[in-house]
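Chains as they are written, first to last, in this note's numbering: chain A, 381 to 772; chain B, -18 to 64.
Bear in mind the hints are in silico, worked out from the structure with no lab data behind them. Careful, some of the hints might be misleading.
Said to hold, decoys possible - Computed Cβ-Cβ distance ranges for the label pairs, DEER-style: (1) A763/A x D28/B: 14 to 20 Å; (2) T532/A x L24/B: 38 to 44 Å; (3) D389/A x Q56/B: 24 to 30 Å; (4) K732/A x E33/B: 53 to 59 Å; (5) G13/B x R530/A: 38 to 44 Å; (6) S42/B x G527/A: 32 to 38 Å.
Claimed, not checked - In silico contact screen, one side only, chain B against chain A (beta carbon under 8 Å); selected entries: (7) T15; (8) H17; (9) L24; (10) D28; (11) P35; (12) E37; (13) K40; (14) P41; (15) S42.
By construction, the Cβ of each residue, glycine as well, lies at the ideal position given by its N, Cα and C atoms.
In case you want the letters, here they are:
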Amino acid sequence: MTVGATTVDADQTFLAEIRRIADEVAGPNAADVDRLARFPVEAVAALREQRALSAFVPTELGGDGVSFEALAEACLELGRRCSAAAMIFAMHQIQVVTLVRHLEPGGFFEPYLRELAQEQRLIASVTSEVGTGGDMSRSIAAVTPAGDGRSTIEKQAPTVSYGAHADDLLTTVRSSPDSRDGDQVLVLTHADQTTLEPKGTWDPLGMRGTCSPGFVVRAEFGDEQVLGTPYSRVGPETMVPVSHVLWSHLWLGIATDAFDRARAFVRAAAKAKPGEDVPAAQQLSHLHSQLTLLRAEVCSGLAEYVAAWDDRERLSTLRMVLRFNNLKIAASEQAPRICQEAMGVCGIVGFKNDSPYSIGRQLRDAMSAVLMVANERLHKTNASLLLIAKDV
Amino acid sequence: MTDDVRKILQDHARLPADPGMLDPHADLYEAGMTSHASVNVMLALEDHFDLEFPDEMLKPSVFASIAAITEAVEQLRSAQAAA
């Protein structure tokens, strides 16, 4: 079963282009993007040129109507060549899938999606907030009425990935200044309605090209730019599971790249001394079984989400919340483990930055996975749900 | 039974308002019940009424109001009685 797809052809054409962009554009620039901690301009320009930013937008709104599975596969393919480009692509698509799945006829968001397709607009998200302890289901910032059908927001964001490079921002905030902290909505604001006051610098260990410093985000906008469905539904039905599925695919991509490099190293060693045992070959086999485990979890996470795609009530059950939290936890722990073991296979040439078997960037990038939505935060939620969920 | 439900909410839902005064159809999440508190409510309901909510019932809508909770408990009890 595929969801959201109009034709299988659309998926195949899309994925062929994504693979080409990954190989010819994202990959060749990945080292430079990483070294300079710069936005992957070339890859994003190529994605725009192929209209990949609107790939999931339905054809009747000017997009290409590719399936959700194809998006996930695209994250994997990009992740094999440039983690930062893959993460930017994934995060943008999370916002698009959210807007498409919670689209109400008429209103602001239908014409907005047409514009997104026409202009290949890039959406960044502002979900984390200083003072909430990493809990995305609570906000401090609030939609504050400014009169004449307009409102303002001001949010202290500890990190906004590619915020300064986005055309639009999707921000979680309380629905009004009097609302409790869990009464959240999503607001879409354009760059020209928004100011980003930088807070701090951006010189991280990995995922350097995502350019994710902190900002104070301020915006003034029309009330119609608030998504009608509350975040308490958008989160479990779409935003959380889609994030965990797409992220886990790109982490699988990074781990696959690390494995491929280790395999290339072992093959080269085997060719150099035909007939002799390559000690690292057996280590590579261990690594392969680890990669297989990761792949199985990532694939089954996608399959379970797709199977529940239209059953939104089921996606809200505690069992499903547990399922997709566990996907994130498992994939984010397994991907850096694979990268590290791949480095062990390659030895010193894997440790060096200037060798074809270098795995430093992959390892550093994969290490971000456990931090983006901290795993301990998810464990805390899961621990509570396990008290009551039955068939988990 | 509604009184029992109200008592359990009083003890476990950690609402700023008194559950005894709440409209049966008032949204408990809007009244301030967190998802963490809702798990404690579910546990207390299972314990008090000696039943188990199956996974398909463990979702926010089933525990969103006093009326919804009462209906869910009644549904499970009549299913148990029929079994």
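Could you work out which of the previously given hints the structure breaks and list their numbers from low to high?
3, 5, 10
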